[in-house]
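Protein chains in written order, with this note's numbering: chain A, 17 to 364; chain B, 187 to 697.
No wet-lab data here; the hints were simulated from the structure.
Being a predicted model, the structure only gives us computed values, none of them experimental.
One thing to keep in mind: the hints can contain errors.
[Stated by the list, open to error] Cβ-Cβ distance ranges computed for the label pairs, FRET-style:
(1) G628(B) to G347(A): 29 to 35 Å
(2) H126(A) to S695(B): 56 to 62 Å
(3) A346(B) to Q309(A): 47 to 53 Å
(4) E122(A) to S695(B): 56 to 62 Å
(5) R27(A) to E537(B): 17 to 23 Å
[Claimed, not checked] Derived lysine to any residue pairs resembling SDA-like cross-links, with alpha carbons at most 20 Å apart:
(6) K208(A) to G120(A)
(7) K186(A) to A350(B)
(8) K208(A) to A350(B)
(9) K208(A) to K378(B)
(10) K186(A) to K378(B)
We put the CB at the ideal spot given by N, CA and C, even for glycine.
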Amino acid sequence: VNDLGRREFLRRLTAAGLTAAGGWWLAGCGPDTLSPTPTTGPSTAPTRTILGEQTAQPPPASAEPTASAAPPTALPMASYPHLAVARGGEPQALMRRALAALGGMERFVHSGDDVIIKPNICVGYHTYEYAATTNPWVVAELVRMCLEASAGRVRVMDQPFSSGPEEAYKVSGIQEQVEAAGGQMEIMSSFKFTRSAIPLGRDLKECQLYEDALTCDVLINVPVAKDHSLARLTLGMKNLMGLIRDRPSMHRNLGQRLADLASRFQPTLTVVDAVRILTAHGPTGGNLGDVRQLDTVIVSPDIVSADAYAATLFGLRPEELSYVRAATDMGLGRSDLANLQVEELSLG
Amino acid sequence: LANRAAAPKLAARRWRTLRPWTQNAALLLFVMLFVWSRRGGWPAMLVNLPMRVDPLAMLAHALSARIFLASSALALLTVLMTVLLGRVWCGWLCPLGTILDHSSRLLPASRAAPPDGARRLKYLLLLAVLSLAMMGSLTLLTLDPLTLLFRALSASVWPAVDQAVTASQHALYDVPALRSAVSALDGVLRPKILPPEPGFYRLPWLYGGLLVGVIALNLWAPRFWCRFLCPLGGLLGWLSRVSWRRRQVNDQCIACGTCARVCPTGTVQAEGYASDPAECTMCLDCATACPVQAIDFPAKYELAGRQPYDPGRRQALVTVGGAAAAVALFGSDLARHRPHPHLLRPPGARESALLSKCIRCGECSRACPTSAIQPAISEAGLEGLWSPILVPRAGYCDYSCHACGLVCPVQAVPPLTLGDKRQQVMGKAYINRDRCLVWSDGIPCGVCEEMCPVPGKAIWLEEVETTGADGYAMGLQRPHMARERCIGCGLCEFRCPVVGEAAIRVYVSTD
Chain A
17 VNDLGRREFL RRLTAAGLTA AGGWWLAGCG PDTLSPTPTT GPSTAPTRTI LGEQTAQPPP
77 ASAEPTASAA PPTALPMASY PHLAVARGGE PQALMRRALA ALGGMERFVH SGDDVIIKPN
137 ICVGYHTYEY AATTNPWVVA ELVRMCLEAS AGRVRVMDQP FSSGPEEAYK VSGIQEQVEA
197 AGGQMEIMSS FKFTRSAIPL GRDLKECQLY EDALTCDVLI NVPVAKDHSL ARLTLGMKNL
257 MGLIRDRPSM HRNLGQRLAD LASRFQPTLT VVDAVRILTA HGPTGGNLGD VRQLDTVIVS
317 PDIVSADAYA ATLFGLRPEE LSYVRAATDM GLGRSDLANL QVEELSLG
Chain B
187 LANRAAAPKL AARRWRTLRP WTQNAALLLF VMLFVWSRRG GWPAMLVNLP MRVDPLAMLA
247 HALSARIFLA SSALALLTVL MTVLLGRVWC GWLCPLGTIL DHSSRLLPAS RAAPPDGARR
307 LKYLLLLAVL SLAMMGSLTL LTLDPLTLLF RALSASVWPA VDQAVTASQH ALYDVPALRS
367 AVSALDGVLR PKILPPEPGF YRLPWLYGGL LVGVIALNLW APRFWCRFLC PLGGLLGWLS
427 RVSWRRRQVN DQCIACGTCA RVCPTGTVQA EGYASDPAEC TMCLDCATAC PVQAIDFPAK
487 YELAGRQPYD PGRRQALVTV GGAAAAVALF GSDLARHRPH PHLLRPPGAR ESALLSKCIR
547 CGECSRACPT SAIQPAISEA GLEGLWSPIL VPRAGYCDYS CHACGLVCPV QAVPPLTLGD
607 KRQQVMGKAY INRDRCLVWS DGIPCGVCEE MCPVPGKAIW LEEVETTGAD GYAMGLQRPH
667 MARERCIGCG LCEFRCPVVG EAAIRVYVST D
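Go ahead and model the full structure; you've got the sequences and the hints to work with.
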């Protein structure tokens with residue numbers, strides 16, 4: 017009886033070993049031939065792009081790296097303003113009206129698109145009233161509009177630096193609103209981060225990036241506007257740090273590195289939630305005394321101008337933000353607000 | 187007559203087939219309660235149930251803390267069950283016992299069992315546990331089978347499983363055909379079964395090693411642990427001396443010796459085939475193996491006879507004396523007089539009362555979503571072995587969590603509302619300017635300030651103009667403590683980007 021047991025045990029052990037070895041071998045086959053984000057070459061320069069569909073075609077593989085990888089700097093299609101700001105109303109209405117001014121979600125999301133929405137859910141300490149996390153109704157309205165534009169699926173995610181995603185999604189109120197709107201909350205898996213090249217990066221040349229945020233059809237960046245010591249304010253570009261691993265390495269030369277990240281992700285849309293802004297003790301907050309209710313939503317396909325405009329809500333000039341300076345210098349977008357066509361809507 | 191004789195045997199056989207099912211179900215339940223005792227899992231008063239039905243832990247706690255908690259009354263059920271049916275806990279329910287039975291099937295014992303005299307060890311260990319508890323120390327509950335298994339699962343097995351799963355996921359995710367499957371499986375596993383971020387423990391091999399050691403003793407004799415060492419087995423065995431149902435050999439016996447051979451605890455004597463109810467786990471193996479119907483489990487009201495291996499008066503006195511000496515030595519440990527600088531306790535736990543309350547079960551450690559709570563190694567002296575401490579480099583006390591106090595079965599970590607828990611000071615952070623990137627190397631950082639969860643921040647940044655390495659003027663933000671606001675949660679220490687010892691560390695609070 018014991019003999020049989022041992023034999024059976026050995027048989028299973030062998031089977032398990034073979035399975036494991038097979039998996040290992042298969043895995044070994046992967047990276048060279050199938051890596052979704054090649055680490056060299058300009059052919060992967062982002063094509064999902066900010067400023068205008070006219071340059072959205074992939075560059076020819078033979079093109080010179082600098083030429084083909086250069087970001088589009090042309091203005092958006094003439095019929096739409098560069099940036100829209102809606103003030104004085106409920107968050108959903110602000111969101112919908114501001115985007116409508118830019119041509120509505122149908123301009124950015126097409127039938128069957130895989131959409132990722134990246135709000136700021138940095139911690140799970142307080143409700144949205146404390147303005148440490150993005151307003152849930154702004155996020156949910158985005159989800160709804162994407163689905164109305166026949167998106168294939170809409171995922172919402174962030175990587176909180178405390179509390180864990182499960183708790184932070186819940187406490188922020190975002191999970192409840194997103195799921196009610198038909199979107200899905202995704203917990204970001206460690207194996208979906210891949211070391212990827214940042215072809216346009218001036219300081220940050222490669223980084224562990226969330227692969228789905230690179231390969232999805234539409235990436236919508238939805239920061240809440242708030243205070244941050246090192247970056248002064250955390251807005252659209254700073255919010256992209258939730259899509260990378262190895263965040264401590266960002267702190268040296270933060271402004272340039274944030275601009276480098278923006279050059280790689282190139283979100284389709286940046287929505288700055290300024291319904292409530294956190295004016296001090298960010299990014300975590302905790303005092304309602306530090307919160308100001310502005311009932312404002314800023315939308316632009318240009319992350320730089322969205323951040324630049326948001327800076328003015330805090331009484332700052334855009335160039336006072338190191339990442340706005342760096343990104344403008346790289347030609348990722350425009351921060352010369354005076355020269356841009358800005359649509360201001362008052363819902364009040 | 188034949189029919190009447192066959193009846194008990196059939197009954198025993200039917201019961202015997204139930205036993206592995208019961209055992210496996212109890213083991214599965216134990217593991218499930220373990221898995222979902224993590225914050226966000228099942229209700230706290232449900233997941234800590236195994237500890238609350240453990241009469242050894244509850245009795246020792248009551249003796250040591252000098253309080254009987256209503257929530258530990260559940261252990262009386264185990265006592266009642268034992269008084270009625272003997273050590274059925276050991277044979278039918280104990281998760282460690284089940285693991286030992288499984289390992290005996292896989293790797294049978296290959297040597298002669300130690301002499302019966304060794305059985306007294308578990309009674310002496312029980313006596314040591316209880317006399318230490320009378321003197322206010324629960325250190326020996328580290329050897330309770332449930333705490334031992336739970337700690338091994340929490341600080342060894344699960345982190346290792348997580349590492350293995352994570353490594354496989356990374357490898358398999360590179361295969362395009364498997365991507366959606368790997369992704370879907372991850373959605374099932376995390377965060378409910380495995381944490382979203384891997385947990386890391388100090389000395390993980392130690393707790394797993396201890397469990398492997400207990401299992402390895404099975405090579406010497408089946409259920410070696412249960413026969414010779416288990417203090418809970420000792421307590422239940424002692425209660426079984428008055429048990430109502432117990433094994434008895436009737437006059438049908440043909441003296442074939444089968445029962446003595448199959449008995450997993452070796453308590454059936456080679457001659458006469460009598461057994462000690464204190465050693466019998468009511469497994470019914472003998473009754474099903476008996477070729478005739480010679481073994482019954484009749485109801486009986488009498489005290490079981492003394493066994494040669496029962497501890498004598500002198501041995502008992504030496505054990506109690508040894509326990510007293512141990513308590514005196516514990517007290518003379520410098521670690522009890524001058525606290526270790528990083529002896530950080532879970533929120534609300536008071537150092538003065540903790541060691542006489544903590545049953546070392548590890549529930550708080552498992553509940554902690556960041557793996558910040560870990561078994562103390564040397565920080566609290568030998569007396570405080572494996573009591574809970576916060577290790578900020580492993581994890582931080584999450585500002586949105588109060589799971590540890592809720593799950594503690596004995597209120598050693600008090601149950602607090604989230605609001606109250608946020609006010610608890612676990613320690614105070616200090617900046618080491620020699621290691622700080624900003625202070626020492628002029629590199630912009632400020633992660634500690636960014637992380638600080640306290641409203642108003644316990645760390646503030648001083649704007650200074652200095653000269654950079656390139657000779658140009660540069661602005662820097664140097665961190666300073668506003669220590670009166672610090673609660674010692676350790677998030678700054680956890681996230682400090684300095685490799686090795688963090689440039690900001692939490693120390694025991696002087697207040």
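Hint check results:
Look at G628(B) against G347(A): about 31 Å separates their beta carbons, and that is inside 29 to 35 Å. Checked against the hint of 56 to 62 Å, the C-beta distance between H126(A) and S695(B) comes to roughly 58 Å, which is consistent with it. Checking the proposed 47 to 53 Å range against A346(B) and Q309(A) shows it holds: the Cβ atoms sit about 49 Å from each other. The given range of 56 to 62 Å is respected by E122(A) and S695(B), whose C-beta atoms sit roughly 58 Å from each other.
Our hint of 17 to 23 Å for R27(A) and E537(B) is violated, since their Cβ atoms are close to 54 Å apart. Proposed proximity of K208(A) and G120(A) is contradicted: the alpha carbons are some 31 Å apart, above 20 Å. Pair hint K186(A) plus A350(B) does not hold up; C-alpha atoms about 29 Å apart against a cutoff of 20 Å. Note on K208(A) and A350(B): the hinted pairing holds, with a Cα-Cα distance of about 17 Å set against a maximum of 20 Å.
At roughly 19 Å between alpha-carbon atoms, K208(A) and K378(B) fall within 20 Å of each other, so this suggested pair holds. Pair hint K186(A) plus K378(B) holds up; C-alpha atoms about 14 Å apart against a cutoff of 20 Å.
Hints 5, 6 and 7, counting from the list given before, are not met by this structure.
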